[in-house]
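Q: Single-letter residue listing:
Number of protein chains: 2
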Amino acid sequence: MDLPSAILQQAVDQLRTLPGVGARTALRYALHLVQGTEQEARDLADSLLALKTELHHCRLCHNIADSDLCPVCASPKRQRGILCVVENVQGVMAVEATGQYNGLYHVLGGVISPIDGVGINDLELASLTDRVRRADPEPVTEVILALPATMEGDTTAYYIYRQLSPLGVKVTAIARGVSVGDSLEYADEATLGRSIVGRRPFNSEG
Amino acid sequence: MDLPSAILQQAVDQLRTLPGVGARTALRYALHLVQGTEQEARDLADSLLALKTELHHCRLCHNIADSDLCPVCASPKRQRGILCVVENVQGVMAVEATGQYNGLYHVLGGVISPIDGVGINDLELASLTDRVRRADPEPVTEVILALPATMEGDTTAYYIYRQLSPLGVKVTAIARGVSVGDSLEYADEATLGRSIVGRRPFNSEG
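Chains as they are written, first to last, in the working numbering: chain A, 1 to 206; chain B, 1 to 206.
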């Protein structure tokens with residue numbers, strides 16, 4: 001598609017770097033901005049740039065934050081002795097959305113993936129061990145691994161387990177199994193297999 | 001969904017103003033930027049702002065342009081006595097993509113729509129009549145209406161027809177009919193009806 005302007009082409013090329021955005025969608029976004037006011041374009045541009053220039057990362061858990069501490073770490077209501085290890089911010093939001101967790105987090109910033117060039121030192125792994133070792137402000141009694149059920153997630157989980165078990169902390173992982181509401185015939189074999197291996201005493205609460 | 005940062009929330013809110021972007025997609029875009037470099041975010045932000053600060057509109061046809069004239073109006077190869085009237089830039093690109101048109105354009109910037117508050121003076125309608133009247137640089141022999149097949153498009157087409165016919169210019173409209181490759185049973189009644197009314201002598205070129 002030939003665009004009538006290099007400036008429009010430039011904006012389309014930039015928009016195409018967003019995940020899942022192709023040429024047609026990028027053009028739709030760009031023309032929407034062309035048809036809007038300059039203030040609207042400026043507000044959008046400023047808010048996107050602020051994501052890199054103004055956003056902080058929590059010094060404790062490395063979650064996204066507006067200041068030194070994220071809202072979870074800053075909350076006096078959370079249990080500070082339990083850490084939930086997640087891959088990224090989306091992980092924090094997914095666990096928070098369940099309303100079932102009241103501890104703190106540790107955001108790795110990815111998972112170990114040699115094929116993508118992500119090694120141990122690219123992730124917040126040393127800082128996790130350090131957090132457990134320091135016992136500051138209070139001893140960590142449990143580390144819950146809530147990592148993706150992929151080869152990379154499993155590798156990362158195993159690495160963390162090896163690092164933390166000498167420190168005497170309890171390391172657990174979220175349960176893998178058939179989704180709530182799913183019938184068995186639609187569950188994939190790997191998931192059903194893990195849910196059988198990970199079976200637990202029946203009680204009326206499920 | 002509770003976001004851990006007001007800055008992130010702000011970016012998500014801004015991204016949601018783009019057409020077809022919901023909360024989930026906006027968050028995906030924003031987190032992609034958070035995980036990228038500051039230069040990447042800056043390049044995107046700059047290119048979006050440039051759409052309003054650097055983009056021009058062609059002084060002849062009002063298409064998007066990088067300078068005083070758009071590439072079509074600037075081209076010495078185009079027939080300058082034929083104008084194709086379109087709603088917006090997308091219209092220009094759609095007609096150009098056919099490779100069947102060698103005249104110039106006139107971009108209205110919308111269609112008459114009282115319900116959306118778009119009146120005659122909000123569109124490039126006076127400038128169209130003016131272009132035909134001035135006969136500059138050469139007389140306009142035909143004005144082709146390529147407007148959307150909606151109530152608003154039809155209203156706009158009729159208004160233009162009323163303005164231009166006293167000037168003695170030939171006013172035509174693109175054919176409406178069954179799409180190439182479509183079978184009759186899937187064409188809607190309005191389209192099929194118009195294609196029967198608009199039937200033309202058969203020849204081997206279709």
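Keep in mind that the hints were calculated from the coordinates and are not lab data. Using N, Cα and C, we set each Cβ at its ideal position, and we do this for glycine too. Certain hints may be false.
The calculated label-pair distances, taken between Cβ atoms and stated as ranges, are [to be verified]:
| id | chain 1 | residue 1 | chain 2 | residue 2 | range |
| --- | --- | --- | --- | --- | --- |
| 1 | A | 136 | B | 56 | 54 to 62 Å |
| 2 | A | 186 | B | 19 | 33 to 41 Å |
| 3 | A | 182 | B | 172 | 54 to 62 Å |
| 4 | B | 98 | A | 150 | 42 to 50 Å |
| 5 | A | 150 | B | 19 | 27 to 35 Å |
| 6 | B | 46 | A | 56 | 19 to 27 Å |
| 7 | B | 67 | A | 120 | 47 to 55 Å |
| 8 | B | 46 | A | 180 | 53 to 61 Å |
| 9 | B | 185 | A | 182 | 34 to 42 Å |
| 10 | B | 13 | A | 159 | 34 to 42 Å |
Here chain A is said to cover these stretches of chain B; the calculated rule only asks that three of the stretch's residues, wherever they fall, bring their Cβ under 8 Å from a Cβ of chain A [stated by the list, open to error]:
| id | segment |
| --- | --- |
| 11 | 28-40 |
| 12 | 132-145 |
Q: It remains to establish, for every hint, whether it holds in the given structure.
A: Here is how each hint holds up against the structure:
1. For residue 136 of chain A and residue 56 of chain B, the Cβ-Cβ distance of about 59 Å falls inside the hinted range of 54 to 62 Å, so the restraint holds.
2. Taking the beta carbon of each, residue 186 of chain A and residue 19 of chain B are about 35 Å apart, inside 33 to 41 Å as hinted.
3. At roughly 59 Å, the beta carbons of residue 182 of chain A and residue 172 of chain B sit within the given window of 54 to 62 Å.
4. Checked against the given bound of 42 to 50 Å, the beta carbons of residue 98 of chain B and residue 150 of chain A, roughly 46 Å apart, stay inside it.
5. Look at residue 150 of chain A against residue 19 of chain B: about 33 Å separates their beta carbons, and that is inside 27 to 35 Å.
6. Hint check: residue 46 of chain B to residue 56 of chain A, Cβ distance near 23 Å, so the stated range 19 to 27 Å holds.
7. Checking the proposed 47 to 55 Å range against residue 67 of chain B and residue 120 of chain A shows it holds: the Cβ atoms sit about 53 Å from each other.
8. For residue 46 of chain B paired with residue 180 of chain A, a C-beta distance near 46 Å fails the hint of 53 to 61 Å.
9. Judged by the Cβ atoms, the range 34 to 42 Å given for residue 185 of chain B and residue 182 of chain A holds: they are separated by roughly 39 Å.
10. About 38 Å separates the C-beta atoms of residue 13 of chain B and residue 159 of chain A, a value consistent with the hinted range of 34 to 42 Å.
11. Requiring three or more residues with a Cβ within less than 8 Å of a Cβ of chain A, the coverage given for the segment 28-40 of chain B holds, as 12 such residues are present.
12. Check result for the segment 132-145 of chain B against chain A: violated, 0 residues qualifying (beta carbon to beta carbon below 8 Å, three or more required).
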